[in-house]
Each structure stands twice: as C-alpha cells, then as structure tokens.
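Asker: Next come the chains, spelled out residue by residue.
There are 4 protein chains.
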Amino acid sequence: MTTDIKAALRAQAIETPSWAYGNSGTRFKVFAQPGVPRDPFEKLADAAQVHAFTGIAPSVALHIPWDRVDDYAALSAHAAGLGVRIGAINSNVFQDDDYRLGSVTNPDPRIRRKATDHLLACVDIMDATGSDTLKLWFSDGINYPGQDDLRARQDRLAEALSEVYDRLGEGQRFLLEYKLFEPAFYATDVPDWGTAYAHCVRLGEKAQVVVDTGHHAPGTNIEFIVAFLLREGRLGGFDFNSRFYADDDLMVGSADPFQLFRIMFEVVRGGGYGPDSGVAFMLDQCHNVEPKIAGQIRSVMNVQEATAKALLVDTGALAAAQAAGDVLGANAVLMDAYDTDVRPLLAELRAEAGLEPDPMAAYARSGYFEKVCAERVGGTQAGWGA
Amino acid sequence: MTTDIKAALRAQAIETPSWAYGNSGTRFKVFAQPGVPRDPFEKLADAAQVHAFTGIAPSVALHIPWDRVDDYAALSAHAAGLGVRIGAINSNVFQDDDYRLGSVTNPDPRIRRKATDHLLACVDIMDATGSDTLKLWFSDGINYPGQDDLRARQDRLAEALSEVYDRLGEGQRFLLEYKLFEPAFYATDVPDWGTAYAHCVRLGEKAQVVVDTGHHAPGTNIEFIVAFLLREGRLGGFDFNSRFYADDDLMVGSADPFQLFRIMFEVVRGGGYGPDSGVAFMLDQCHNVEPKIAGQIRSVMNVQEATAKALLVDTGALAAAQAAGDVLGANAVLMDAYDTDVRPLLAELRAEAGLEPDPMAAYARSGYFEKVCAERVGGTQAGWGA
Amino acid sequence: MTTDIKAALRAQAIETPSWAYGNSGTRFKVFAQPGVPRDPFEKLADAAQVHAFTGIAPSVALHIPWDRVDDYAALSAHAAGLGVRIGAINSNVFQDDDYRLGSVTNPDPRIRRKATDHLLACVDIMDATGSDTLKLWFSDGINYPGQDDLRARQDRLAEALSEVYDRLGEGQRFLLEYKLFEPAFYATDVPDWGTAYAHCVRLGEKAQVVVDTGHHAPGTNIEFIVAFLLREGRLGGFDFNSRFYADDDLMVGSADPFQLFRIMFEVVRGGGYGPDSGVAFMLDQCHNVEPKIAGQIRSVMNVQEATAKALLVDTGALAAAQAAGDVLGANAVLMDAYDTDVRPLLAELRAEAGLEPDPMAAYARSGYFEKVCAERVGGTQAGWGA
Amino acid sequence: MTTDIKAALRAQAIETPSWAYGNSGTRFKVFAQPGVPRDPFEKLADAAQVHAFTGIAPSVALHIPWDRVDDYAALSAHAAGLGVRIGAINSNVFQDDDYRLGSVTNPDPRIRRKATDHLLACVDIMDATGSDTLKLWFSDGINYPGQDDLRARQDRLAEALSEVYDRLGEGQRFLLEYKLFEPAFYATDVPDWGTAYAHCVRLGEKAQVVVDTGHHAPGTNIEFIVAFLLREGRLGGFDFNSRFYADDDLMVGSADPFQLFRIMFEVVRGGGYGPDSGVAFMLDQCHNVEPKIAGQIRSVMNVQEATAKALLVDTGALAAAQAAGDVLGANAVLMDAYDTDVRPLLAELRAEAGLEPDPMAAYARSGYFEKVCAERVGGTQAGWGA
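Protein chains in written order, with full-length UniProt numbering: chain A, 1 to 386; chain B, 1 to 386; chain C, 1 to 386; chain D, 1 to 386.
The shape of chain A in the complex, shown without the other chains:
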C-alpha cells in the first residue's frame, strides 16, 4: 500500500500564488520584509525555490493587474527556465476607485463594462500564457441595508459571468470563488458555495466552484461542501489557507490541521485527487509576519502531510465500520491515519526523488534568502497594490 501512496503523492501538484511572495498585511499595516520581489519575474524566481525544495509546486498563479507584463511569452519562458509554469490567472476588479460600489454588480453600467472588459482581458492573458484556468473573485457587495438592490446585483452578476463564459476557449474554464464577507460587510454578492454553484450550473461545464478554506462562516463544515460539490461535478479547486476567525490567510494547516486532513480525505474519497480530476490545489495566503518563501514551503509541506494521511486511511475498514453503525470504530479508523507521523514517509519520498529530506532546512542552508536580500535593493517591493 505504501507503494501506491507514494505514487499518488509523487503525482501531487500544488500551485503557489505570485502575490504570496510580495508584501501583504492588514488594513492596519503592511510590514515590509527584506528580499521581497520587485516584479513578476522575481516572484517566479521565488516560486521556483518552493518547487525546487518540495518537488510538488510546479506552477504559479498570476494576479492581474499585479502581474501585468508587456510580454507574456517572455514571462512564460522565464518560468520554464526556472522549472515552473504559469498556472491560474486571477482577475482583480477591486482596486480601482471606480469599484467603490462594486465591479460587475455596480449600479453604474459604465463601471460594469469596465470590470467585465478586465475579465475578458484576463482570458486574453490565458491565451497568451497557455493558462487553462481563470479564477474569479468579486469583492462586490454592500455595506448598508438598502445601499443597493440585492436581486438586481445578481442579475448584473449573471450577465457579466455569461459574457465571460462565452469568451472561454477550448480547454479553458473559470472558477467562481465565494466569500462570506470582507471587504463588503453587510451583503456580499457571492457569499457562499450555493450562490456560486447556482450560477455555475446555469452557465455550463466550464464554470466551476473554487473553495477558499478561509471564506466561511464559523461552524461551517468545509469538507461537507467539498464532498457535495464533487458529487455534483462542480468542484474546480481550492484556495488553501488557514484561519482562526475570519479570512486570516495564514499558512494552510497551521490553524486546524485536522480539518485540512478531513478535507483532503473527502477530496480523495470523492475522486478529486490526481491530475485527471480537474481539482486544482492552489495556495492563497499572506505571510504578514513570517518570511514568505519559507512560509510557502511550509504550507506546501502541510498540504502534502495532510494528503499522505488521507491516503493512509484504511478505506475498507472504514466502510465496514460505517456499515455496521460502529461509531467509535469508524472514527478510530480515520483517527488512526491522522495520528500517524507521516514525516518519515515523506522524507523517504523526497530522497527517492533526489530532493533533500527536509525542505525547510535545505532552503535555509541554500543561502537563497540572504542572496535576494542583498540583491533586491532599491525599486518598489511588490505587494497587493502592484
């Protein structure tokens, strides 16, 4: 069985986000860190380090306009030269003064047009980079009851989504992201999986739901949503991160590793694991106080450990206990996998692949961080604004 698990783990691919390598923060303060990239090329270089030490982070998500470049072919080639490739294109229709009252759901048709045009331009970038996935997150919503018409905003949303959907080419898809709140506080236009799902179903197969693990109300059972969307054939992927309270964007697996394990178990159980599943594993995090590249390496490792544990579950014993109504027995089968220390297995896996067994230590030894700190002096550090 260990052989099968290792094979499955070797096939894993976790996408890191270009913006995780830039500065980030809260509304209170963005703390600048040394060595932070100044442009998309340097972000890719950092992302390539994560892949170099983990072996399972071969692609990098872009955020437009933060990662806008003149020549996407050059950017793709740069990535290839670093041993990585460009992944999902993330649209951004929330950082222009025009979007104060919304983007595609704005009451002003001029602004809606502008926002939709941006989304269409993102598909152009998909064409230019070979990316097959467009990720759509809308900060749209309202802060006060009555501020705008909840239903009219759905009509506008549907119209924009439909136009973008029709623009998608062969082999392209979009993932619609939902989020309970922030930056809108009273009502968000895509607040939950049900809303995203309903829009996707109306549009067709190329529209799927993406689950950001930090975007739910307290008490929400995320793995249930995962299981349900897989059953409906509508789970497009994950934006992984951790939260204790709101959308904290901490390192995935750092707040509730057991939850991450349960999610990965449902992914595997529901056929969402593996290259043919169409389920993308992406990180979406902010390293506000910790170093960024190391933070990404640790995060990738956390997903890998949760995956290994999920693959370890004795599904035969589990099914037998469940069928027998053996509550404690069934729970124990699951917990037995979770309680297992999979770090030796993963160290072995890495060694077999020619990697260092301990990616964190190996990265620290590499001197890369010191190098970029020394080199990246001057210029403007990348962040959410650029």
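Quick caveat, the hints were computed from the structure, so don't treat them as lab data.
Predicted model only: the values in this text are computed from it and were never measured.
It cannot be assumed that every hint is accurate.
One copy or two, either will do: identical chains are not told apart, so a pair holds if it fits within one copy or between any two.
What the hints assert, rightly or not - Taking lysine to aspartate or glutamate and the DMTMM-like style, the derived pairs with C-alpha atoms no more than 20 Å apart in a straight line are:
no.: 1; residue 1: Lys206; residue 2: Asp276
no.: 2; residue 1: Lys6; residue 2: Asp127
no.: 3; residue 1: Lys6; residue 2: Asp314
no.: 4; residue 1: Lys29; residue 2: Asp98
no.: 5; residue 1: Lys114; residue 2: Asp155
no.: 6; residue 1: Lys29; residue 2: Glu182
no.: 7; residue 1: Lys6; residue 2: Glu348
no.: 8; residue 1: Lys371; residue 2: Asp326
no.: 9; residue 1: Lys371; residue 2: Asp98
no.: 10; residue 1: Lys206; residue 2: Asp336
Let chain A serve as the given structure and place chains B, C and D on it in line with the hints.
Answerer: Chains B, C and D in isolation, oriented as in the chain A frame:
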C-alpha cells in the same frame, strides 16, 4: 398608499404550529406550564384563539406523529368549526430509537425504508386533510468525523426524496428544510440552503426550500438567501423564529427586529408576498419560559409589524438613490420605513376588521387562559414527545 | 416625563474621532473621497460641522501620530474657535515596521521601550491639550501557535501599563480597549473585557475598560458586559460602531439598532449616563464607501435616537413585570419604548435649541461639502497612514 | 527526557463524570442504550472500568440530585472497593419547575433560598464523601430582553455565592463554571470567564474558575484563557469535551485535537500540571450516539495523548526561537511535538504499569459490555433526569 398597504396587510396569513401550544424546552429541562393542551383538538382550539385576536393566523401546521389522530376528517371539521384550517404537514423522523444514526440517510436500509414510509404516510395525511404542503426536516447527520460516509448519505437522501416527490399529487408540494447543526454536531445532511436547493432543482417544481430563520451560521445574511431563492423560484416559505446564538426558537422579531424587517422587505421586493406567491409564512417556535398562546399572538403581531414597515418603504425613492450610488440616501429610505411606528396603523386595520386594536390585551381580558387552566386538569400534556 | 427626557438628552455629548474624516478602507483598497482633510486642523473643521448640526458632538478624539502637530496649544485654540474641543488621545503603536511582532508585548526589549515611550508621549499631549483621557488599544498578538509565549506577553503588557499608569496626572485616566482579533489572528494580548478588566483592577481607579461595540465574538451579549462593568465601576466609555461580522466599523446603529438601544438602556439603568458618570460616548468608525461628515452626523443621530428610546422605558412598569415573573409583560415594556418613533421628539428638541430639526438635510443644504471639495485640492489626504 | 515525560504521565489523573455513563441526548431525543446503569453504584462500576484499562481515571464526579443516595459512606466504600474514589460534587439547580426563571438569580426570593439551600446541601455531601471540590454551574439567565434586570441578577448571584463560600470547610473549594448560552438564550448570568473570575476574586482563594472547553463563543482562544487564569492563580480545572459549534459535549479531542494540545501545552507551561497544581482534569461529555464506557476510555486516551505531546515540546528551543523573533522556527518547535505519534510511548507506559497497551481493544475483549447488557435488564436507566 396607506390604502394599498392596508389591503396588502389584510391579505396576510401566518400559520401557527400545533407544537407551539404544547410544552417544550431544552435538553436540560422541559418546564411544564398550566393549561397546556392534551391532544391535537385542544391545540387547534388554542391556535384558533390566536386567529381570533389577530385575524391573520387562519391555519395550523401539524406534526406527525405528535398530531396523529384516527380520523383526520374529524380533525379538519373540528378546525373548521373553530374558524381555522389545517396547514402544512410536518414529518418527524427523529424520535424513534431506530433513528440514532439517521433516518433516510441511515446506513441500515431497513431503517431508511421505515423513515421513507413515514414520509409517504404524511402524504396520505395531506390527502386526508387537504393540506397542500409537506415540510421535511431531517435531523440526520453524524457526530464524529468518519462516523459515516458524507457522500453516501447524500445518495440515500436523494433516493428518499425522489420517492416522496413521486408520491406527491396534483397541487401538492414539499418544502425541504436545512439546518446548520443540532442534533447532529459534526455534519448535518442538509446543512445549508445550497444543499436543499440543489436537491430541489434535481427533483422539479414541486420541491422548494423553506427558510427557518434560526438555522444559519453566525454572520449569515438571511435576506440575501431569501432574495436569491425568490430569483430562482425556489422559496417555498419560512419557519419564523428568533435566535441570538443557535436555533433558539424564540419569538420571531424578539432578537433582531431589524433583520425581520429586512427579510420581509426582500420578500415583498422579490414577489414573495401575497396569496399567489406560494411563499408560506409559518411560525416554528418554542415558548419554553413564556405562556404559549400569548407568545404566539405576540409573534404574529411581530411579523405583521415587520411586514407593514416593509410595505411602507418608498421604493421609488429607494431605487433612485441606489441608481445614483447615494449610499446614505438609499439606506435612509429603508431606515425611514423601519423607524416608523406602525402600531397605530395596525390598530386601525384591526378596528376596521372588527377586531380589538390590541390583541394582547384583548386576549388577556378574554379569560381564555384561566378557563383552560381550570379545565385542562389531568391527562398528559402535549409536548415534543407526544 | 418628556421634560426630564429632554433635559437628559440635552446633556448628551458624543465624541467624534478625527480619523473618521480621513480616508479609510480595508486591506483590499482605500477608496479616496473628495474633500477629505489634509491635516488635523481641517479634520477639526469637519468635526465642528457635525457638532453644528447635531448640537451634541462637542469634542474630537485625536490619534497620535496621525494628528501630531508642532503646537498643540494652537490646535486647541483652533478647536475652540470652531466651537469644539479636543477629547481623548488615542495612542498608536501598530504602524511602525518595528511593531511587526508587537509593541509593548514584543519579545525585543528595545521595541517595548520605544512603544512605552510613545504612550508616555501621549500623556504629554494630554497635558498640552488638556485632554483627560488616554485610549490604549494594542494590536499586539501572534498569528501562529508557539510564535511567542502567551504568558510572558501578559507580563510585558502589565509592565508597560504600570509605567503609563504611574505617569498619569491628577484628573487623568486611561481606557484599556480589548479586541477579539485583527490584526493578530491566532491570539490577541487583550482579547476580551475580562483581560482588560483584570489589568485595570490591579492598577487602580484611573484605569478603566472601554467597550468597542465591534470587538466581540459572535453571540456575545454586549449589554451584559456594559451592565457588569458598571456594577464594578470599571466602564470608562464606548467606541461606538456597527458590525455584521467582524470589526466592520460601520455607522453605529446601522447593523442592529435594537442592540444599540439595549446597550443604551443598560448604560442609563446602571448610572452610566450623564456628565458625572465618567462614561465617554465616542465613535470609532470608518466611512469606506459613504461620505464622511454626513456619515458622522447620521451616526450621532443614531446614538441619540437609541438614547431617547432608552430614556423612554417605563422603568416602574418594567420592574413590576420583572418582579412578577411576567416574561411577556416585561419584554413588552422594553419593546414599547423601542418601537416608539422618537424622531419627532428629537426634531422638537433641536428646534428648541435653535438647531434645524433635520441635521442631515440641513448639512446637505449648507454647501459645506461642496465647499471643501472645491478648496481641498492638492496636498495629501489624511488617512490611517497619516 | 522520555523518563521525565513518563514520570509526568504516570502522575496524571482524569476524572470521569457519573452522568456520562447514563443516557443523554438533545432536546429532540434521548436514545436509550443497552447496559446503561440504573443507579450511582452501577455508574461507579462502569467508571471503574475506565480506570482499570487506562490507569489514569481514578475518580468519579457526582451530580446531585442525580446521584443522591441515602448513605454516602456506603457509596464511597463501594467506590473504594472498585478501585476508584468520589471526586467533585456537581450541583444541579436547573431541573425543577421552580427554576423556570432562574435559581440563585430568580426574582423570587423563595426560589433563591431553595436553590442556595441545595448548594449548601452539596457541601454536606462533600463532607460526607470527602470530596474537596464543589462545581457550580448555573443555567440561570433570560430568554428575552427586559425579561429581568441583568444587574440585579448579578447582585443575587453574588449573595448566593458568598453564602456558599462561607460554608466551605478547611481544604474545600468551589469551582465556578461559565457558559456562553444554553439553556438561556438572550443573556446568561455567568456567560464568560471574566464574569466568573470577577466573582471569584471578590470571594477569596477558595473560589476558582473552571473552564468547560465547549462553553465559548466561536473564535475564542481557550488556551489564552487558560494561560491568563493560571497567571492569576484562578484556574481550578477543566470540564473537557469537544464541540464543533455549540456545547456539543462530544468526546474531548475529537473535534480539534490540535486545540486540545495547545490547551495542555499552556497548562504545563503555566504550572497547571501535576497533583500539586490544584488544576483538576475532568470530563463532561454526553455519549448520545456512541457507547458510553468505550467513549470515556477513548476520551481519557485523547487527553493523555495531548498531554504527552505537550510534554514533548522542546521548551528550550521554543524559548530561543521566540526570543529571536523567529516566527516559523518557534511554530515549528511546537508543531514538531504535535506531529509526533505518541501512541507507541503510551503503549510502553501502560505495559510498564501492567496494563494492556491498547485500552480500547482490551476493554472490548473483556466482555464487560456484554455482561452489563445482559445483567442490567429492568429498572429505570439513569439519565439526566435521574
């Protein structure tokens, strides 16, 4: 305009639940109250009082098996004699030892069969009573990760729902209720509106979603769900009550009257108000510490007041402010209606209908409570168990 | 009785925060607005408008270093010339790169010293401006389990608070603010009222707790905390705002006006109302999408309306119903006051004081907003960063 | 180091609650289980099994009146004969119709007297059984705003607590428990640790706070409270259980094992571990759907595993990383302990103590469950009501 509002208010109908007249409580204690009915006939008599004093509570929901009788025609006739009628039939598949691990989603096919048979029997009671609405709430879920297979439970749920759906006759429908948690603590099989919606869409037009206002995670915007379901044509009705934290089942409008107003505003705005809308207004409450009939009267009045305020919104001014992006102006239009004291208007409305202007005081003066306290001695008080 | 209520309302004073007049936003975007002040003097001018139209906003809180000036006497004189005065001094130890891992609780003693020195400098500004209140909010906390020692951070906090406490002069006090989360996500060093209370009790009478209405976990009963702190003699004041989910900083009374009423009722009932109570009513809000001066006027009016309703409660009838165990009767007494439309009373009160009855409309007619939009061109708009 | 850890683990004592062996459920249904005890003597027999197989559950908490007997000396002797002893006495002032509107905070002085007398009677039982700990949990609170006076209820609470405090003998203490909500829904009289703490501080050293891990609002950092109370010398003990949403009373460690580990780490770090610490580890759970004795064994093991991991933390390395501001390094030290599989260590520990290495399997093999199922026929099964 006041004329229109009055006409709209005269057409309102709020259904009270038979179980609100019996004893209820928490897992810690059910406090017995004097005068509580001993059987469904006495429950109907109490419900008729609510209608007599408010004029807008003409129907009574039944709960099976709590309200099982030998002769439903006799029960219907009894209701008619009291000036009320039988409303929705509520199924109950959570109070038999067999349902410890679930009813229609139980791993044991024998128990699933038993549960589904109960649901079908409820449709028989609909036929016998002339009720057009079956309300389905499933307590099904699991307490521990791994206890049962989340996805298999959805398959079993879909199978049972399909069988019940096929049994529905002309003019009959079922409403599928969702609930975040309780009595299941780790995962509930119908935890949110998205799950209920997806099952209903697969089944067809006779399957609709019912929104219980106490069944959401903290921070959930309920009026958004109302607006969305109305847009999709899938809002079947409400189970009204109030909550501060969980499914507290307090008097509707007592915890957050502004939220109730916002919900009613979306109902009206989305075409969910009025006899032709198909949206049922039902109460689902527990009067654990307060008197039950008076508690129902107050609750009906709270819904009526919220409705009156919702009807008072100057929709023209609201639309204009929204279109202009006037955040404070649009909010002010809504708040102006909410801040209005509609009690004089409603007193006038009642007087015009030949009712006492103050239902609470009139009921207190009527001596009904003292009468039933004196009469209903001996026997077993109705409660959740009977 | 109306006479007494009017007298009480005339004595009300609500402090507006200088930072509410500058730009603000979320981590995603700060939307710039026209006419925003460029310096503390212009902020005071805007605040004076709020007082001019409401008559009950005579003081303005400062935030240091955002409102740092060379000559505080000149700033005080400027305020006096505008008909307002300087209120609480708010310290800020969260916007320096040094504070990435905390200010007064930072593991590095050099940074702790720097932070404490800033707090002491704020007392100097109190001396210079005649302010009697220092407001202490610490963003200090950690994002990851293990990141720092929870208990050692309390020791460091106690040490800094003690040093600041000893520096307070005659007639000066500090208010310690608590907050559940943000910007720290795993653990905040002053997360709840109990923590603030315990530190204050150890220090002495000049240390009191301030309640920010947006800083609690879901389900928290804020009016309970108010009642409890008043009973203990430790309620120093409020930072008023509204929230639906987290620390949304919306206009007070906009999300849950009933809650605001309940809070004001406990304030009045517990002796926290009136100039001698020592309980400061302060706003702490962000007008991210709505105009700022108008937003403050509306907020002040919302507090005033809630106060008027709280004063309207028939406390004799309430006490009688409570003593009799009359659940519905007691609740009805409270609701009767809440359901009253107090806007006519407040319009009358304003007219008697020589103010326009409708502050929002009067401000709009005044042309002030258009004037500052025209005048305040160039320079750097004030915001959280300056 | 392993030697020290083993020594520390050998000294651990976890108290199981008599009521965990009886039937329990939710307000919807109590599912009866086979083999359930009919009286306190049989409950002690079941509890003795938990101790027999784990070796670390030597005492059993009683709940009065559920465990009322004529002869407490006989009950104590029975316990001793089974190898266990009687632990904390839990008072119950929530299951009498008189307590509908509260017990010690009831507006009716007669009922307050009755409730306080019950608490005093519990101290009598402490004298009779040799128990040194009284656990006080009050379900007191109100369901509706205005229902009763929040502050007056605190006065009444203080009065009752003072009377009970004065009755405590040499070497006796009481633990005051707090709970956010349930069964009261609007306001609970002891809703949070701050309230319990403030009352205890006023009373003296014999009054301490007990932390029930299921009694907090979402997002509350429980280990912070633990650290804070230990720093203040006021942590009396734990009521351990797990929750996903409310007070679910699931097996401790089953919902969030990482949280349990963090709590145990703060206990150890703050001097709360070990027989001299005065911190009692108690379970307070309901096994609604799973078998009860096995559920208790599993729970005791979960606490033990979390303790072992907490003891494994390399505190020297942790302190060094914290002092250096090494966020990822410090977190990694903590996670390294958590990720360790401690089950082999614990199996070894048990073997050294003459126990079976796998308590769950050993208990299953013992045939005890089958034996009591066969023997305990007839009579009334114990539950919350008896």
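Asker: If a hint holds in the structure, say so; if it does not, say that too.
Answerer: Verification of the hints:
Taking the closest pair of Cα atoms, Lys206 and Asp276 come within 20 Å of each other only inside a single copy of the chain (15 Å); across copies the shortest separation is 37 Å, beyond that limit. In this homomeric assembly, Lys6 and Asp127 never come within 20 Å of each other (Cα to Cα): the closest approach is 34 Å inside a single copy and 59 Å across copies. In this assembly of identical chains, the alpha carbons of Lys6 and Asp314 lie at most 20 Å apart only when taken from the same copy (15 Å versus 31 Å across copies). Taking identical chains as interchangeable, the C-alpha atoms of Lys29 and Asp98 lie at most 20 Å apart only when they sit on different chains, with a minimum of 11 Å there against 24 Å within one chain.
When the C-alpha separation of Lys114 and Asp155 is checked against a cutoff of 20 Å, the pair qualifies only within one copy, where the shortest distance is 17 Å, while the shortest distance between copies is 43 Å. For a Cα distance limit of 20 Å, the shortest separation of Lys29 from Glu182 qualifies both inside one copy, at 17 Å, and across copies, at 11 Å. For the homomeric pair Lys6 and Glu348, the shortest alpha-carbon distance inside one copy (9 Å) is at most 20 Å, but the shortest distance between copies (30 Å) is not. For a Cα distance limit of 20 Å, the shortest separation of Lys371 from Asp326 across copies, 19 Å, qualifies, whereas the shortest one inside one copy, 56 Å, does not.
In the homo-oligomer, the alpha carbons of Lys371 and Asp98 never lie at most 20 Å apart, since the shortest distance is 40 Å inside one protomer and 23 Å across protomers. Within a single copy, Lys206 and Asp336 get their C-alpha atoms no closer than 38 Å, and across copies no closer than 42 Å, so neither meets the 20 Å cut-off.
In summary, the numbered hints that this structure violates are 2, 9, 10.
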